[in-house]
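Trainee: In case you want the letters, here they are:
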Amino acid sequence: MMRGQVLPEEARAWTAGLLLATDYFAHARREAVVKASVAIRGRLHRARRAAASSPDPETSR
Amino acid sequence: MVSNSAGGRSRLRAYLLAEAGAVGLGYGVAVLRDGAPVSGRGWALVAAGAVAVAVPLWVKSRRELRQELEARSAETLAIETDAKLRLVVGDVVTPIAEVVGRVHQASGEERETLRGQVGQLVVEAAASLCDGERARAVFWKLERGEMRAAAWFGRGDAPTTVFTDDPDDRRGQEALLLVRFHDYVLVDDVRAEELPRGTEPRPGATYRSFISVSVFCGEQNLGMLSVDAPEPHAFDDTDLNVMRAMAQLLGAGLVDRR
Numbered sequence: 006m007m008r009g010q011v012l013p014e015e016a017r018a019w020t021a022g023l024l025l026a027t028d029y030f031a032h033a034r035r036e037a038v039v040k041a042s043v044a045i046r047g048r049l050h051r052a053r054r055a056a057a058s059s060p061d062p063e064t065s066r
Numbered sequence: 002m003v004s005n006s007a008g009g010r011s012r013l014r015a016y017l018l019a020e021a022g023a024v025g026l027g028y029g030v031a032v033l034r035d036g037a038p039v040s041g042r043g044w045a046l047v048a049a050g051a052v053a054v055a056v057p058l059w060v061k062s063r064r065e066l067r068q069e070l071e072a073r074s075a076e077t078l079a080i081e082t083d084a085k086l087r088l089v090v091g092d093v094v095t096p097i098a099e100v101v102g103r104v105h106q107a108s109g110e111e112r113e114t115l116r117g118q119v120g121q122l123v124v125e126a127a128a129s130l131c132d133g134e135r136a137r138a139v140f141w142k143l144e145r146g147e148m149r150a151a152a153w154f155g156r157g158d159a160p161t162t163v164f165t166d167d168p169d170d171r172r173g174q175e176a177l178l179l180v181r182f183h184d185y186v187l188v189d190d191v192r193a194e195e196l197p198r199g200t201e202p203r204p205g206a207t208y209r210s211f212i213s214v215s216v217f218c219g220e221q222n223l224g225m226l227s228v229d230a231p232e233p234h235a236f237d238d239t240d241l242n243v244m245r246a247m248a249q250l251l252g253a254g255l256v257d258r259r
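Going down the list, the sequences are from chains A and B.
Just so you know, we're using my numbering here: the first sequence kicks off at 6 and counts up by one.
Just so you know, we're using my numbering here: the second sequence kicks off at 2 and counts up by one.
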């Protein structure tokens with residue numbers, strides 16, 4: 006389950022002019038890379054596991 | 002930027018070294034089982050056998066290392082693409098869309114303040130999202146047939162160019178036409194390419210590549226959003242699409258009620 010704010014505090018702070026764009030984007034970029042890294046590695050891991058458990062290598066592609 | 006690749010590669014190298022060691026040991030034992038060769042011919046045969054064993058092992062290890070490297074590069078690219086998508090959709094479009102909504106709920110002075118805010122947010126996002134190093138984004142607001150910088154972010158000083166419809170202002174005329182026809186233009190290198198008319202840089206300009214996009218909503222022409230960078234080929238298709246989305250978001254925030 007995932008639950009969170011549609012507009013996080015940092016985004017509100019940026020749009021309200023309380024947070025510099027450089028700081029906002031540096032933080033957002035770091036967060037995005039971490040989350041993307043977890044997501045992509047998770048997908049690759051699941052794909053490899055599915056390929057390994059498939060009885061016929063031709064159908065696992 | 003993306004960790005773990007060095008760890009994975011060193012693990013593969015360790016496996017390959019162990020494999021080579023095991024094969025080498027097996028070959029050595031097989032050779033020495035009957036005693037060391039006593040003649041030059043015997044040693045030559047041992048050397049030829051060693052080469053015959055080593056060559057396929059070397060080819061296999063090179064292929065595996067290359068495949069590993071390619072897989073890591075693909076993984077890195079996938080992560081970068083996914084991160085950019087998250088940044089554009091989650092961290093830029095979502096909060097700016099919320100401010101655009103508030104523009105249309107507000108009136109009077111507050112509405113104008115929020116509109117200025119949308120313009121500033123859009124140029125900050127455009128300069129930060131587009132790949133050019135030291136990129137600069139500018140919103141040129143169209144008023145009374147002329148375009149002046151209304152918001153900017155990134156490298157350098159405040160932009161001073163004014164795009165007009167004067168007969169001797171060719172760049173101005175072409176910029177105004179781009180807005181009127183709701184077009185965009187991406188130039189990879191202002192010094193190398195045969196440029197579309199009116200897109201030549203002004204003398205002393207510090208940029209080599211740029212994207213300009215018309216800002217409009219329905220029939221209302223509102224100005225031009227541009228991003229430039231001092232390096233050639235700083236922007237690609239993805240940046241162009243980011244700019245198109247930013248320009249439309251800005252147009253939605255600036256449009257007047259009929």
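Hints listed in this document are in silico derivations from the structure and should not be mistaken for laboratory results.
Fair warning: this is a prediction, and the values are worked out from it, not measured in the lab.
By construction, the Cβ of each residue, glycine as well, lies at the ideal position given by its N, Cα and C atoms.
Please note that the accuracy of each hint is not assured.
Said to hold, decoys possible - Derived EDC-like pairs: lysine to aspartate or glutamate, alpha-carbon spacing no greater than 16 angstroms straight-line:
#, chain 1, residue 1, chain 2, residue 2
1, A, K40, B, D170
2, B, K142, B, D169
3, B, K85, B, D132
4, B, K142, B, D237
5, B, K142, B, D257
6, A, K40, B, D83
7, A, K40, B, E81
8, B, K142, B, D166
9, B, K85, A, E14
10, B, K85, B, D257
11, B, K61, B, E113
Stated by the list, open to error - Okay, the calculated bits of chain B under chain A, using three or more residues with CB under 8 angstroms as the criterion:
#, region
12, 90–96
13, 245–255
Trainee: For each hint, tell me whether it holds in the structure or not.
Mentor: Verification of the hints:
no., hint, result
1, A/K40 / B/D170, "48 angstroms, violated"
2, B/K142 / B/D169, "21 angstroms, violated"
3, B/K85 / B/D132, "10 angstroms, holds"
4, B/K142 / B/D237, "25 angstroms, violated"
5, B/K142 / B/D257, "14 angstroms, holds"
6, A/K40 / B/D83, "9 angstroms, holds"
7, A/K40 / B/E81, "11 angstroms, holds"
8, B/K142 / B/D166, "14 angstroms, holds"
9, B/K85 / A/E14, "20 angstroms, violated"
10, B/K85 / B/D257, "32 angstroms, violated"
11, B/K61 / B/E113, "67 angstroms, violated"
12, 90–96, "holds (count 4)"
13, 245–255, "violated (count 0)"
The structure is inconsistent with the numbered hints 1, 2, 4, 9, 10, 11 and 13, although it conforms to all the rest.
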